[in-house]
Amino acid sequence: MLSTIIRRLLQGFIVICAITIITFIMLRMIPGDPSRTMAPNATEDQLIMLRDQMGINEPILVQLTKYIRNIFQGEFGYSFFQRANVIKVIAGSLNASIVLFGFALVLSIFFGLLFGIIAALKANTWIDKLFSSIAVVFQSMPNYWVGTMLILFISVKLQLLPATGYEGFKFSILPGIALSLPTIAVLMRNVRASMISSLRQDFVKAAKARGIPGYIILSRYAFRNSLIPLLTLLGSQLGYMVGNMVVCEYVFSYPGIGLQTLYAILRRDYYLVQGLVVILSGFFIVVNMIIDIGYTYLDPRIRKAQGGL
Amino acid sequence: MNFKTKLSNGIKYLQKNKSFSIGLGIVLITIFIAIFADSLTPHVPSKLNPKFKLLPPFWVEGGNPKYILGTDAIGRDLLSRLIKGIQMSVGISLFSVLSSILIGTTIGVISGLVHPSWLDSVLMRITDIQMGFPFIVLAIIILTMVDPTPFSCIIVLTLSAWPTYARVIRSSVMIEKSSDYVDAAKAMGASRARIAIKYIGRNLLPTIIPVAPMDIASVVITESLLSFMQIGIQPPLISLGNIMSDGRNYISTHWWITAIPGFVIMIIVIGLNLVGDTLQTTFDPKLKQ
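Top line first, the protein sequences correspond to chains A and B.
Residue 43 in my numbering is what sits at position 43 of the first sequence, and the numbering runs on without skipping anything.
Take any residue in the second sequence, note its place counting from 1, add 1000, and you have its number in my numbering.
Careful, some of the hints might be misleading.
[Unchecked claim] Listed below are the simulated DSS-like cross-link pairs for lysine-lysine, each with C-alpha atoms no more than 25 Å apart in a straight line: (1) Lys157/A / Lys1053/B; (2) Lys1051/B / Lys1066/B; (3) Lys205/A / Lys122/A; (4) Lys1018/B / Lys1006/B; (5) Lys1053/B / Lys1066/B; (6) Lys1006/B / Lys1016/B; (7) Lys129/A / Lys1012/B; (8) Lys1198/B / Lys1186/B; (9) Lys122/A / Lys1016/B; (10) Lys1198/B / Lys1177/B; (11) Lys208/A / Lys122/A; (12) Lys1016/B / Lys129/A; (13) Lys129/A / Lys1018/B; (14) Lys122/A / Lys1018/B; (15) Lys66/A / Lys88/A; (16) Lys170/A / Lys157/A; (17) Lys1004/B / Lys1016/B; (18) Lys1016/B / Lys1047/B.
The hints are simulated quantities; they were obtained by calculation from the structure and are not laboratory data.
Just so we're clear, the structure is a prediction, and the values are computed from it rather than from any experiment.
Sequences are here, hints too, so could you generate the full structure?
As structure tokens, this is what we get:
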């Protein structure tokens, strides 16, 4: 068990290092550098001075070694444009993103489970068919289009909720809904499928025969058995959601780390992009790692199989 | 079995599987539009018509039946642009998925065949890196690095899709490799190449086919997203995404420019998902119940 965890941690570490290096090199291959965006009217001499100050005149490999050395000293560099430590800039916009992501996640899990269980209990009735069709539609709508339509109907026509910016939870509701719809659909369909197969298992039938009340069968027997596949699914969904969050923040001009990333790339704010990429990919990798380790722990069959390998 | 009975069996199957026939219908219509786009457009898609700027669709008050879905801010016919946009989006998505299947399959097969070895570990770490890289960030970096042409869009979209195939194929190859009939073939002295092609190769298609339609669906959405964010297909080329991004500035007064292309994407994706669903249940006996 311990060796699995160590191996996974090591793998995750290697992946993050590789992503950092790839980003570093690719960013510097983008034509145009930050000095020009910062001082559009500067003369060539002034630009060279500015580049020297920013430390982007040296060869890429030298810059890279310096950057990595600094990271090990806990120094992630400065944002050229916001003139502040990268960690501070990221921390400043992380709050809005966490609220958005958390809200979307709560919506997804709650409605995904609720609709999935209802559809499974009413399998092959019109309720099930209605829910399943809605799920297909939710899954097929482009996220950014849903966002734009929500702005049109809820913010512009009905004027119920604000469309852009972030000054409190009210501003997270529309982007949160847009972000959660595809995940609700995917979760619902999978909860439905795994609940239906759980409900057919012998131990559920046996429990019914013993006269155990329905809700206990549902929660203790069928649902628990469906939990492991759902956990894996949630892992991959969280990855998609991080990507979609960037998109939703763009559509709603929501000042979180996604929007921050977009601007940082367009302005060639090298170190800020670097820090943001580590945060975004690190989140994805850590979540998948936890889920991998988690289900090895939860499912005795996998635990055995891994010991046997 | 002659052709007639095959046909009638096929029709019976379609009647029984309503969602599959709806999906297949949508997919076929989309392919038809993509192939014959140039002869289907009622107007020249790039032609400006200052007299008819921002016309609404014909069913809305003030609409002109000559411009069925209305016009955009500089008077270009929306229906014609949609048709060309469908052609572009479908073309790019198909090429992207084909090339990801090619790359993913190659890497998956190699990785599965040589497992366990250092080569397998290296290939799988590369797959991990690709999957761990936030796609949208990678796409923006690459598309600002090179010119955003259809070709570079295909490359970016391929990068996002191949790891899934590599993983799925690798595990299917590993399962086949340890199966009894491959052991039997080995015992009879079949060469490695023969086993790879004859026994393992024939199991690749059932692994790929059910995944492909849903993958095309998600690539259609991603492609339109890139163009919507103005980093994908650039004007004067038309894609469903950049029609919407044109309309974004007029969203509060002229909703149709943004609403209709998104709706079209949704319908295409629903079609692909319905087809994919059915293929998945057909190819996976566990889901058949």
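Practice task
Find the hints from earlier in the document that the structure breaks and name them by number, from lowest to highest.
Solution key: 18
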